[in-house]
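Novice: Letter by letter, the chains look like this.
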Amino acid sequence: MSTLTYDGMAMVGRQLRRVRNSPGLAVLTQVMPINMLLFFGYVFGSALAMPGREYRSFLVPGLLVATAAGGIMTGMFQAAADSHRGVMDRFRTMPVSRAAVPLGQGVADLVVTAIGTVPLLLVGLAVGWRIHGSALEVAGAVGLLLLFRFACTSIGIFLGLLTRSEDAAGQLGASTFVLPLLSNAYIPTDGLAGWLRTLAEWNPISAVTTALRDLFGNAPVPADGAWPVTHPVAGSLVWSVALIAVFMPLAVRRYARGER
Amino acid sequence: MHAVRGLDLAVARGTVCGVLGPNGAGKTTAVRLLTTLLRPDAGSARIAGHDLAREAAAVRRSIGVTGQYASVDGDLTGRENLRLFARLHRVRAPGERAGELLDRFGLAEAADRQASTYSGGMRRRLDLAASLIRRPEVLFLDEPTTGLDPASRTLIWEVVRELTADGTTVVLTTQYLEEADQLADDIALVDRGRVAHTGSPAQFKALIGSYVEVVVAHADVMAKAAGVLGQLTGAQPSFDHERHAVGAVTRDSTLTLPRLVRELDAAGVPLLDASLRTPTLDDVFLRLTDRSSEHADDKEPAV
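Residue numbers (our numbering), protein chains in the order written: chain A, 1 to 260; chain B, 261 to 563.
Think of the hints as simulated: they come from the structure by calculation, not from any bench. Accuracy of the hints is not assured; some may be wrong.
[Stated by the list, open to error] Footprint (simulated), chain A over chain B, 3 or more residues, beta carbon under 8 Å:
1. 268 to 277
2. 290 to 302
3. 312 to 321
4. 496 to 507
Where a beta carbon is used, it is the ideal one built from N, C-alpha and C, also for glycine.
Bound-form chain B, shown alone:
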């Protein structure tokens, strides 16, 4: 049984690649392989130009890893953890670097408490700080915000954006489609150990299209509204006579709500309500993986 087979992934420098997939798709196994924690049976990879199998030490010097479970020592304080990692990274002033990171990640107050007393969000922030002792060329984030409070999540997103702006490449696995939507330049949809689909978040969404709906003031103008909608979307509108609503599906991602409202207004349609619902990546995800819920709970098999 292979958790990962035939998984091809290319990530450009300074971009975020979102690896999306249901539980058991092989995301974590892929990260463990790419961070030298597991040895592949076959295949090859280059991380920051270093061959994964033959130059493991060089790979380790170029990467940072934040896993699903916080990789810090609970018996040590936050500060002691960061000092230790800074020393192991040969940082010249480990204490200073630890202090900077504790401030940046909102842990200054808790710095001298044992990490085992931290909340989940604090531990994960400490974990991310530990991955950034030296700015890594490639940062692996394995479900970094799973189960986190919104504030910690926002902070982590902010840090990821800063890092990519400085040229760090990020490989982000997540189950949250919103997260991939927010951060990823490219998305690789992983299913049953292989890449099922790749593309930008917009491309993913374009696969499904958006749903436009307008509610008009009275029944007489419904036909006029349908004409405008048909022109804008190129699709056959549908009617809801009870609500005086007209709807249509569009695959045109340039269609915006203001434009829709302007066009309808210009045509003299008295509007009560208008909505343009972009499909969430969840919609795309369900459509592309087409998995029943019992599969989604499968445990990830070992390599």
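Isolated chain A, as found in the complex:
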């Protein structure tokens, strides 16, 4: 087994044990999207042209992706908090692969997210959301969602190591809340004014949301719109891979530098 794989798995183990030892935060972060599903689904849903049940089916994939985008905040918060821990210095003075710590954090986050998303899916099913896609399509949807989560966490880890500030992560958390608002996660984009619609459709969240709706069989791919939305699977892959390719190496470099 390569050094990176071995060290990386040890780091994944470290993060998972930490979540198990103090699960409070991980549990709390899952409450928010369920609240939003109920509020948006029943409050906004009653004001939209779409019938309530149909809107809630439309909303569940959007919330899944919006929650995945929260990886920016979670990743940043964890990395910033970690950067103050003496244990990071110990890792740096040990013969440990430099990429293992950021990668381990990202992979552990995927495990926590995958488990933590189950309650949202159950509430979704309870309020009328259904999966119509084939097993392969569903697997594809889960894969795209996790890949996107990893991309967002990569951005967060880099920012966390850059700022070394949990306060900054908290502030950014508030602003990342608006990212899904400027996408098709909660509303269809075809009603938006021209430039705003373009902006919303180029938001990576829109591509992944559209892909999930298509693969779960909740809503068809729009016939017209920006390329990532009309080709949502390819669009999601390109966005996620590009973000990971940029931010994960930056995060690793930043980590390796330490306080130098």
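For this one, chain A is given, so just place chain B on it according to the hints.
Specialist: Frame of chain A; chain B shown alone:
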């Protein structure tokens, strides 16, 4: 501004080098440089035969580091911490090694509690245990006992002595002169980022000398006592007539209290009290650094 400049240090294998200096002298910066946490602007070093700049990975395989602040993960239990480090060190049975170390460092009972609930002394012991997962060739201890209870301090000293007996080289920074006196084979006194003085603890003390004082039974024998003292120390004795005391400074480190008492007894001096006060390293330290107290509180500047 450089926290460390022109700091030359050579430590022989299997010995303890005590790096002494006031706050802000550059001790911690030196340790961070030597343990690959900081990159030097200039200069070079070899740790266990590996070049610090070009063979950082090899250096990391040879060293153990215990810093001023415990480098363990507070969210993990003591056992989980040691298992993790053991895995990263590719120890074949990480759980077993963790168990051994927890026993050795008196942490077996607290092993399955999160390290954040540990007392300062327990955390520091866990930290030292983490540095010893594999016996390091060179162990860096940066103020390992600052603020520790006496029991933890004694345990840490004991472990350091065991390690050097097995051939580990130890670089120990400390503000406690007693600690350097107890452990160090050689002392490097660091002041304002450079080595101000090096030598053994005995050499350091010899720089100042000891103070011998005897109290005799009556005034008539004071002159006789002064004669013996003058002979033994080679110094001019001083008198305290009120207390019937005679004192002298000696730089002869072989002069012991029993010998002093024997000589005085042989000369027929009725002794009431005798003392030989070796200077503490504190005395030496103050004398050699000659710093005013406001300097001592200076913060360590970044590199």
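Novice: Of all the hints given earlier, name the ones this structure violates by number, lowest first.
Specialist: 1 and 4
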